[in-house]
Amino acid sequence: MENRLFDVTALGELLIDFTENGASSQGNPLLEANPGGAPCNVLAMLKKLGKKTAFIGKVGKDMFGEQLRKAVDEVGIDTRNLVTDEEVHTTLAFVHTYPDGDRDFSFYRNPGADMMLTKDEVQEDLIRNSRIFHFGTLSSTHEGVREATRHAIEIAKDAGCIITFDPNLRPPLWKSLDDARAEIEYGMTKCDVLKISDNEVEFLFGTTDYDKGAALIREKYNIPLVLITMGKDGSRAYYKDLRVEAAPFLQSNTIETTGAGDTFCASSLNYVLEHGLDGLTEENLSELLTFANAAASLITTRKGALRVMPSRQEVLDFIAASGR
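Mind the numbering: the sequence shown is residues 39 to 362 in the working numbering, read in order.
Treat the hints with care, since some could be wrong.
The list that follows gives simulated cross-link-like pairs (lysine to aspartate or glutamate, EDC-like), each with its CA atoms no further than 16 Å apart [as the list claims (entries may be wrong)]:
| no. | residue 1 | residue 2 |
| --- | --- | --- |
| 1 | K90 | D116 |
| 2 | K213 | E181 |
| 3 | K250 | D217 |
| 4 | K228 | D163 |
| 5 | K99 | E125 |
| 6 | K89 | E40 |
| 7 | K90 | E40 |
| 8 | K278 | E321 |
| 9 | K258 | E223 |
| 10 | K258 | D230 |
| 11 | K157 | D140 |
| 12 | K228 | E283 |
| 13 | K341 | E125 |
| 14 | K89 | E70 |
| 15 | K90 | E125 |
| 16 | K278 | D316 |
| 17 | K341 | E40 |
| 18 | K250 | D236 |
| 19 | K228 | E257 |
| 20 | K278 | E257 |
| 21 | K278 | E320 |
| 22 | K195 | D236 |
| 23 | K157 | E185 |
| 24 | K157 | D116 |
| 25 | K89 | E312 |
| 26 | K270 | D230 |
The hints are simulated quantities; they were obtained by calculation from the structure and are not laboratory data.
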């Protein structure tokens with residue numbers, strides 16, 4: 039598996055995040071069209087860390103689709119399986135940022151091109167030539183793309199890929215939250231590494247006791263490595279009988295949290311690529327979480343995510359400057 043063409047291939051949504059960027063002379067909000075979508079954010083950070091990445095997804099034949107293809111190419115992600123839909127427009131998300139950097143989303147996706155990916159459009163060889171296959175749940179909100187996602191997961195399983203999963207719950211995109219819960223549960227039956235947020239644990243299990251949530255996940259789904267992100271409270275890793283927690287890197291110049299979870303996820307996958315999933319120690323997990331927390335903190339000080347991921351040296355210097 040070490041000699042495969044790609045380190046990570048991800049399947050999922052690629053869209054435009056319209057983020058607030060000041061106001062016009064008339065007092066109207068100015069919006070910046072940032073390339074977005076969790077899977078490509080993850081791949082962009084992995085690429086910045088020196089890994090070979092590829093993306094499977096779909097955009098519209100419109101100005102935003104062209105912008106996205108150009109941006110993904112520009113950061114060095116392989117786009118041979120980025121399909122263009124001739125009829126359906128690229129998905130758009132409008133992001134409202136609150137004073138503390140948290141966000142609210144409004145989606146224009148009824149339908150959006152990312153939903154239109156079909157099973158037949160998935161290039162199987164791309165997945166078979168990857169060490170890790172990564173996915174989320176936004177590619178399972180509708181029947182056709184759900185079939186494509188599940189097909190890709192089975193190819194990855196058959197090829198012996200490490201399978202990694204980030205639910206990335208966005209309630210407005212689901213017909214019902216029961217559907218969302220079912221797809222998250224499906225993803226957890228398939229993955230070797232789960233990156234899940236505190237609010238997603240609350241959604242699934244109705245508890246803010248994240249140790250209890252992690253225990254339920256591991257008992258039911260037997261996932262080797264479970265990573266829980268807790269925003270301003272840092273993150274935790276659960277592996278065999280180990281539970282490791284790492285403090286956050288809080289900054290006064292945080293602008294927005296867009297891409298923070300994706301940056302954390304990518305940094306964690308990078309650690310798995312470099313160290314494997316066997317025999318991880320408490321020291322390994324602490325190192326993984328510290329780097330991932332620091333990288334996520336850095337991205338919160340920048341507008342957008344995909345084009346502005348920090349380098350490995352930037353993250354290491356930041357950790358050193360923080361005295362950690």
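- Checking against the hints above, which ones are violated? Violated hints (numbers, rising): 3, 4, 11, 12, 13, 14, 15, 17, 22, 24, 26; every other hint is consistent with the structure.
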